[in-house]
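Engineer: Now for the letters of each chain:
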Amino acid sequence: MTYLIHGETGDWEVVVGLEVHAQVISCAKLFSGAATDFGAEPNTQVSLVDAAFPGMLPVLNRYCIEQAVRTGVGLAAKINLYSVFERKNYFYPDLPAGYQISQYQHPLVGEGVVTIDLKDGSTREIGIERLHVEQDAGKSLHDQDPSRTFVDLNRSGVALMEIVSKPDIRAPEEAGAYLRKLRSIMRYLGTCDGNMEQGSMRCDINVSVRPAGENALRTRAEVKNVNSVRYVMQAIEREAERQVGVYESGGQVVQETRLYDPGKGETRSMRSKEFAHDYRYFPDPDLLPLRLTEAEVDRIRQSLPELPDDKKERFIAEYGLSPYDASVLVAERETADYFEQVAAGRDAKAAANWVITNLFAVLNRKGLGIAESPITPAHLGRLIDLIGNNTISGRLAKDVFDIMADTGGDPVAIVEEKGLKQITDEGAIEAAVVQAIAANPGQAAQFKAGQDKVVGWFVGQVMKLTKGKANPQQVNEILRRKLAE
Amino acid sequence: MTALTGLTIAEAARGLAAKSFSARELAEAHLDAIAAARDLNAFICETPDVALDRADAADARRAAGGALGPLDGIPIAVKDLFCTEGVPTTAGSHILNGFVPPYESTVTANLRQAGAVMLGKANLDEFAMGSANITSHYGPVKNPWGPRDGRDLVPGGSSGGSAAAVSARLALGATGTDTGGSIRQPASFCGIVGLKPTYGRCSRYGIIAFASSLDQAGPMTRTVGDAALMLAAMAGHDARDSTSAPLAVPDFAAALDGSLRGLKIGIPKEYRIDGMAAEIGALWDKGMAWLEAAGAEVKAVSLPHTRYALATYYIIAPAEASSNLARYDGVRYGLRVDGATLDEMYMNTRGQGFGTEVRRRVLIGTYVLSAGYYDAYYLKAQKVRALIAADFREAFREVDVILTPTAPSDAFAIGERMDDPVTMYLNDVFTVPTSLAGLPGISVPAGLSARGLPLGLQLIGRPFDELTVLKAARAIEDAAGFPAGPPTP
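Residue numbers (my numbering), protein chains in the order written: chain C, 1 to 485; chain D, 486 to 974.
Some hints could be false.
Said to hold, decoys possible - Taking lysine to aspartate or glutamate and the DMTMM-like style, the derived pairs with C-alpha atoms no more than 25 Å apart in a straight line are:
#1 C:Lys453 - C:Glu426
#2 C:Lys467 - C:Glu477
#3 C:Lys139 - D:Asp860
#4 C:Lys166 - C:Glu222
#5 D:Lys754 - D:Asp742
#6 C:Lys139 - C:Asp11
#7 C:Lys224 - D:Asp823
#8 C:Lys119 - C:Glu41
#9 C:Lys421 - C:Asp410
#10 C:Lys467 - C:Glu417
#11 D:Lys868 - C:Glu41
#12 C:Lys181 - C:Asp11
#13 C:Lys88 - D:Asp538
#14 C:Lys139 - D:Asp823
#15 C:Lys166 - C:Asp410
#16 C:Lys119 - C:Asp193
#17 D:Lys771 - D:Asp736
#18 C:Lys88 - D:Glu829
#19 C:Lys88 - D:Asp828
#20 C:Lys448 - C:Glu416
#21 C:Lys482 - C:Asp410
#22 C:Lys119 - C:Glu332
#23 D:Lys865 - C:Asp278
#24 D:Lys868 - D:Asp823
#25 C:Lys366 - C:Glu313
#26 C:Lys181 - C:Asp278
#27 C:Lys139 - D:Asp759
To be verified - What the simulated footprint calls covered on chain C by chain D, stretch by stretch (three residues with Cβ under 8 Å from a Cβ of chain D suffice, anywhere in the stretch; the number is not a length):
#28 50-59
#29 94-104
#30 206-212
#31 308-319
No lab work stands behind these hints: they were computed from the structure.
Heads up, the beta-carbon is just placed ideally off N, CA and C, and yes, glycines get one too.
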């Protein structure tokens, strides 16, 4: 569905490009040996290099480069064998050297593509413009003291990947799908944990609008540092509406940096002074140009795991899943692995249903990730087996599942212990049927009078008598026979 | 001045080995000389305690039969641009007021490892920016060869304190750094040997950066042989400096002697600049004759882009400096001058912390990197730099070493040439091209000017061929018969 803003003068199309800052998973920083753990005491993970002491020099952490290359390969992007670190110069207390080492004219990774999955099961390709590697700044703490700002340099020098999309995104939903897919790919690769709340994935949004049908791009505004997928989608919606309003009231959108205020649900302009920087980029003379070989890149390429798109295709082909179910299951590698363990040697569609409908509900309710699931894949598989071999009914299976969710128990043991085993003994069911008919002669007469519907009512009675354990199919057969007698 | 301070490093090493005197005696003799010559202002910080501790340690090693090598127990001065653990390090700037590094530069650590004894931190131009050692926050250094006509002379710069200390017998050797001539030009002015190694030969780790793509540490000594000994201890690959060359360090001192037969010496015609003093030209001719007499073959070469070198240098070096010096912001160490706002604090700190010359270069550097000017200045300068390097590569197809004067004049008076920075920058006209090309260059004292002041000749070599440079320099040294030191008053 095309996303359009219906203005007073007509329909407007939204054009969006995203710049994502993704923190590289690595033990040490990009140019120093200091650690990178989240949540450490302020200024405990700072080397002399990170604090820019006189005479200190950056030394490239090759592992961070490997991680960025891995990400680039995962985005089907061109890996540049020659790239250059440059200095981006500006003054701020949390930028100790007075410059950030980044890549500018020669990024490590060139054009690539991300395929996004939309709610209706369709997909779209969003182009990647580039990925470059840079260091993070420290953190200014303005709320610790009424008159002073404190600086925490733990983050200073941590490796980031800046992933810049092409302006291919046309709707807030697509932006959300793009971010989720990017995060999914990086988590599969183990290159970024994608945790937006902890700031290990941050997003700047470039938004412009144009009348539907117009081809040229109009002036964009940049909404900086939005820290959740939901806010990104909201910010795009609000900013696009604002711009439509500006145009329709005869104004012009100016190129500027804006902030999104989720409380008020609006974007607002940052004072121009705060971003009127001339960054004076130039190649960092402390670092040699980064050169990779085709062999190194190939080695990384070979080591890549199966990525979500390939896995999705395989799930559709191998397990006969719908594209939607497949895309839900592959979003997280752990979920996909879980599903595959449950589905092995079983009815895959049933397995997918149990995972998507029942397991996700339990995990959501308990606020757990799949890795902390109280129900192991082996147990869920055994539960499906118990249904398949008629040991328990589908209805009882749901009760067993709830017990499993609360206790983490084995379904076989639960069924045994609670005596939930399905009654398939003809004699026992027949006895219950006879009892039910004898106790309700009126209803039995209705059946004879041709009211077929009453069979269902009798099934309920028999189930009551057998505490729900009777095999429903057998109950039905025997009931019809006995009622007809 | 005692006899001990008049020794070369090689002689002192022999004396220590023969136990003719102890490292402590040697250190004390130099500490006394330093105390007696404070008028020169060669040191920003004297470190007698450090010196005596290390001298005692050297004596103890030797007594135990574990002497480290030719530098064990040798007293040296350290340019105050090298960070030294626990010892204040200023870069000659007020902005590093009170800064005591908790780490040691690789070069000084290497020297310490070899047993060298640090006497103190030598004065220098602020952040190594200058050619006369007059920009130091700690005052100008006097050239021990002065005064002339009642005026004190500059020692050259930026390693002016190092050069003065070695020349005046206050240290047997000193570390210097050279960005555009900061080792070679003061060596020429003070009548000592100054070697700028190939870029990448010595680690820059822990040396306060001026222009990262040009800065290189090197030895300043009284003889070519001493320079070879000191360089061997200073040099070597260092994983902490990405631009440090992963090459083994040759035994420079062992290969100095011998004939120059077969060696080709290039004379770049472009270095015979307009208005060059006749005595400089004459000394250059003498140098050629000496090398020929030693068996070398002299031939003309062309370095056609030489005339652009100075302009190129004065774009690239300030550009890098403007960025390198951004870290001195009053936030984490050194001077902080408070202000009502963050911007005011920055302006107060940097305005009061940096001297005029440093501020000038930061402004120039900021300008040439700024939007709209980057292509016209910085980018173009990088292109010219590549052409200058290509000139040398071309010349070194035909010759092994290039001979030039080190500086266009002898030492001038303190206060002279200060009103016009461009005239001051001309001091580096012969040394800057080598720096831009990253090549090794040495200044060796070759004669005296009409005023009786030292003049040096420069020898330039292929990348990482310090050996040949030193060998040719030794031949000049032998032939020149340069006086042992400044005349004692």
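Engineer: Take the hints in turn and mark each one as holding or not.
Structural biologist: Taking the hints in turn, this is what the structure says about them:
{"no.": "1", "hint": "C:Lys453 - C:Glu426", "verdict": "holds (23 Å)"}
{"no.": "2", "hint": "C:Lys467 - C:Glu477", "verdict": "holds (18 Å)"}
{"no.": "3", "hint": "C:Lys139 - D:Asp860", "verdict": "violated (34 Å)"}
{"no.": "4", "hint": "C:Lys166 - C:Glu222", "verdict": "holds (14 Å)"}
{"no.": "5", "hint": "D:Lys754 - D:Asp742", "verdict": "violated (29 Å)"}
{"no.": "6", "hint": "C:Lys139 - C:Asp11", "verdict": "violated (42 Å)"}
{"no.": "7", "hint": "C:Lys224 - D:Asp823", "verdict": "violated (31 Å)"}
{"no.": "8", "hint": "C:Lys119 - C:Glu41", "verdict": "violated (42 Å)"}
{"no.": "9", "hint": "C:Lys421 - C:Asp410", "verdict": "holds (14 Å)"}
{"no.": "10", "hint": "C:Lys467 - C:Glu417", "verdict": "holds (15 Å)"}
{"no.": "11", "hint": "D:Lys868 - C:Glu41", "verdict": "violated (47 Å)"}
{"no.": "12", "hint": "C:Lys181 - C:Asp11", "verdict": "violated (29 Å)"}
{"no.": "13", "hint": "C:Lys88 - D:Asp538", "verdict": "violated (44 Å)"}
{"no.": "14", "hint": "C:Lys139 - D:Asp823", "verdict": "holds (21 Å)"}
{"no.": "15", "hint": "C:Lys166 - C:Asp410", "verdict": "violated (50 Å)"}
{"no.": "16", "hint": "C:Lys119 - C:Asp193", "verdict": "holds (24 Å)"}
{"no.": "17", "hint": "D:Lys771 - D:Asp736", "verdict": "violated (29 Å)"}
{"no.": "18", "hint": "C:Lys88 - D:Glu829", "verdict": "holds (22 Å)"}
{"no.": "19", "hint": "C:Lys88 - D:Asp828", "verdict": "holds (19 Å)"}
{"no.": "20", "hint": "C:Lys448 - C:Glu416", "verdict": "violated (39 Å)"}
{"no.": "21", "hint": "C:Lys482 - C:Asp410", "verdict": "violated (38 Å)"}
{"no.": "22", "hint": "C:Lys119 - C:Glu332", "verdict": "holds (17 Å)"}
{"no.": "23", "hint": "D:Lys865 - C:Asp278", "verdict": "holds (19 Å)"}
{"no.": "24", "hint": "D:Lys868 - D:Asp823", "verdict": "violated (42 Å)"}
{"no.": "25", "hint": "C:Lys366 - C:Glu313", "verdict": "violated (31 Å)"}
{"no.": "26", "hint": "C:Lys181 - C:Asp278", "verdict": "violated (34 Å)"}
{"no.": "27", "hint": "C:Lys139 - D:Asp759", "verdict": "violated (56 Å)"}
{"no.": "28", "hint": "50-59", "verdict": "holds (count 9)"}
{"no.": "29", "hint": "94-104", "verdict": "holds (count 4)"}
{"no.": "30", "hint": "206-212", "verdict": "violated (count 0)"}
{"no.": "31", "hint": "308-319", "verdict": "violated (count 0)"}
Hint compliance for this structure: hints 3, 5, 6, 7, 8, 11, 12, 13, 15, 17, 20, 21, 24, 25, 26, 27, 30 and 31 are not met, and every other hint is.
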